[in-house]
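Undergrad: Here are the chains, one letter per residue:
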Amino acid sequence: MTVKQLSVFIENRRGRLGEVLHFLKENHVSILSMSLADTSEFGLLRLIVNDPEKGCRALEKEGFMGTVTDVIIIKLPHVAGALQGILELISENDIDIEYAYGLSVEAEDATIVVKTSQIEKACAVLKENGIGTMSPEELSKL
Amino acid sequence: MIWSKNETLSREEIEAIQLERLQETVHRVYEKVAPYRKKMDDMGVKPDDIKSLKDLSKLPFVTKQDLRDNYPYGLFAVPKEELLRIHASSGTTGKPTVVGYTKGDMDVWTECVSRIACAGGATSTDFAQICFGYGMFTGALGLHYGLENIGATIIPSSTGNSEKQLMYMKDFGTTLLVATPSYALRLAEVAREIGIDVKKDLKVKIGLVGSELLTDAMREEMHRYWGDDMIITSNYGMSELMGPGVSGECEYLNGMHINEDFFIPEIIDPETGEVLPAGEKGELVITCIKKEALPLIRYRTRDITRLMYEPCACGRTTCRMENLQGRSDDMLKIRGVNVFPGQIEEVVLSVEGLGPHYEIVVERDGYSDKLTIRVELAKATDSFKELERIERDIKNKLRVVLGLDAKIKLESPNTLARFEGKAKRIRDLRKGV
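Chains A and B, in that order, are what the protein sequence lines are.
The C-terminal position of the first sequence is numbered 176 in the numbering used here, with every residue numbered one higher than the one before it.
The C-terminal position of the second sequence is numbered 429 in the numbering used here, with every residue numbered one higher than the one before it.
Everything labelled a hint here was simulated from the structure, so no lab data went into it.
A few of these clues could be false.
[Unchecked claim] Under 7 Å between C-beta atoms, here's a sample of chain B residues computed to sit facing chain A:
| hint | residue |
| --- | --- |
| 1 | K35 |
| 2 | V347 |
| 3 | Y363 |
| 4 | L373 |
| 5 | E382 |
| 6 | E407 |
| 7 | S408 |
| 8 | N410 |
| 9 | A413 |
[Stated by the list, open to error] Heads up, simulated SDA-like pairs for lysine to any residue below, C-alpha to C-alpha not over 25 Å straight-line:
| hint | chain 1 | residue 1 | chain 2 | residue 2 |
| --- | --- | --- | --- | --- |
| 10 | A | K88 | A | H56 |
| 11 | B | K391 | A | I153 |
| 12 | A | K95 | B | E144 |
| 13 | B | K405 | A | K109 |
| 14 | B | K201 | B | G275 |
| 15 | A | K38 | B | K375 |
| 16 | B | K405 | A | E94 |
| 17 | B | K34 | B | P75 |
| 18 | B | K329 | B | L412 |
| 19 | B | K375 | A | E53 |
| 20 | B | K420 | B | I330 |
| 21 | A | K109 | A | G119 |
| 22 | A | K38 | B | G349 |
| 23 | B | K381 | A | E171 |
| 24 | B | K403 | B | I330 |
| 25 | A | K38 | A | D128 |
| 26 | B | K403 | B | I422 |
| 27 | B | K405 | A | A71 |
[Stated by the list, open to error] Pairwise CB distance ranges, derived in the manner of DEER restraints:
| hint | chain 1 | residue 1 | chain 2 | residue 2 | range |
| --- | --- | --- | --- | --- | --- |
| 28 | B | G362 | A | P170 | 49 to 55 Å |
| 29 | A | Q118 | B | S364 | 43 to 49 Å |
| 30 | B | R414 | A | E154 | 37 to 43 Å |
Each residue gets a CB set at the ideal place from its N, CA and C atoms; glycine is no exception.
Let the sequences and hints guide you as you build the complete structure.
TA: Right, dumping it as structure tokens:
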């Protein structure tokens, strides 16, 4: 199952990240997790939020370039090698990981956000192998 | 439609008119304009030495500096009481350049603009919205009188308040837009923001653009916003020569037809001042042969172009000048390389995923020049690869075109300044250059 992620382009300029966070706050969009990939000139801010569409509209109104993308949130037991096993499974099926970042750590498991190529196929492979993914409903309860 | 039969004369007929008018002008200028008489005397040339058009090259040049040195009326050939109008250039550095018009000059100006407007597709049924700043700048009033003369309906909306401009366009049924290329794009952007579909909701089908370079890439970009069927032509002029109306493109887009019965063009080597043969690229020099107030002889335009005398499919026989690649004034020297902003524009507009706006920043970094190009993303993406692809594309293309490495700064939309008049896309922060 996939969930929606909000991605925003930000210039590497002082205060720019703060502006994004400010406009999300103004619109009551709360952030569950974030990742920032950057070069010396620009960055891509990727966010798991409670309402990505609303967040995207709010930021676009302020002149930001935002987009909503499908990603998978994988549940991982607290076992050494859990993530490695899953990644192996994914790559065996000729699917590429484009990026990944952590979402949460709970008592019984942890969750990571993963963007893959052929995302529908990736979901099917995970499901067939009994690997848990988070649904949008579950996410909204976080 | 061809406005005047003088646009279709044979070469012999054109040259006969040119020679007669040139000789008259040189005699008059020698008699009435002391600074130019002095220049001619210093070179040992007399008006009677001009026996053929070839003899034009014996005459001294006039430059913008001459206009400044003789500010305000020193190069005028009529008493100032005979003037009907004064215009002036912005004069960003020092005194402005002042130009004046007699009744006869106003008529010539109107005639010239009517011709180029017709060449660009204008007719008496057009509703022409003039989005040039009215005032001391010659662009707006030049187009205004020329278009009115052919019977078009004028909407003198001037610049500013883009939303209101679009409301006029929609409600008054504007069919013809006069603007700088960059303002035409800006209007299309604002239309999108306020929910007007320029292709469907507006009737604009002709664009007469000027006062700024129109590169091929910019024209394509304009078509993308305004529709493929819009006729977009550029026209050329400068206040020193008259204003708009010196030359303009016809629908065949083969370069700009020069109104040769009023202006004699030459191409010179900008370094040596030597006249170059037809077809070669160099600095455009224009002699005004039918002006009363300010008949400049061999005025150095600083514009780089070439002349083409082959007949055009439109039926006009007048000489054409290639669309400008840049004003030599705008040329930047970066790490010893001559760079025209138009070259950078072509690259920016050719890269997928970018908007049409850009800014060129040149800085001094130690002993070397640093070139930075700021561009705006046109489409949101979640792919880092895509952003890197855009950055790499511009970099590589710039390296091929200019032979220079540039730093690329990707920006969010609407970050860069927008302009209603001439776009200012260059920031040269080097000191003492």
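Undergrad: Is the hint on Y363/B kept, meaning its closest Cβ partner in chain A is under 7 Å away?
TA: This interface hint is violated because 22 Å lies over the 7 Å limit.
Undergrad: Under 7 Å, Cβ to Cβ, is where S408/B needs to be relative to chain A, so tell me if that hint holds or is violated.
TA: holds, 5 Å
Undergrad: Could you grab the alpha-carbon distance between K201/B and G275/B and see if it respects the 25 Å cut-off?
TA: Between K201/B and G275/B the Cα gap is close to 33 Å, so the pair fails against 25 Å, i.e. violated.
Undergrad: Would the pair K38/A and G349/B pass a check requiring their Cα atoms to be no farther apart than 25 Å?
TA: holds, 23 Å
Undergrad: Given K35/B was flagged as interface, is its beta-carbon under 7 Å from a beta-carbon of chain A?
TA: Violated - the Cβ of K35/B stays beyond 7 Å from chain A, reaching only about 53 Å at its closest.
Undergrad: Report holds or violated for the interface hint on E382/B, using the least CB-CB distance to chain A and a cut-off of 7 Å.
TA: Constraint on E382/B not satisfied, violated at 10 Å.
Undergrad: Are the Cα positions of K38/A and D128/A separated by 25 Å at most?
TA: Cα-Cα ~23 Å, so holds.
Undergrad: Can E407/B be said to touch chain A, with a Cβ gap under 7 Å?
TA: holds, 6 Å
Undergrad: Taking only the CA atoms, is the gap from K34/B to P75/B under or equal to 25 Å?
TA: Holds, at roughly 19 Å.
Undergrad: Straight-line Cα separation of K109/A and G119/A no greater than 25 Å?
TA: Given that 25 Å is the threshold and the Cα spacing comes to 13 Å, the pair holds.
Undergrad: Report holds or violated for the interface hint on A413/B, using the least CB-CB distance to chain A and a cut-off of 7 Å.
TA: Because about 13 Å separates A413/B from the closest Cβ in chain A, which is outside the 7 Å limit, the hint is violated.
Undergrad: Does I422/B lie within 25 Å of K403/B when you go C-alpha to C-alpha?
TA: The hint holds at about 15 Å.
Consistency note: the structure conflicts with the earlier hints numbered 1, 2, 3, 5, 9, 11, 12, 13, 14 and 23.
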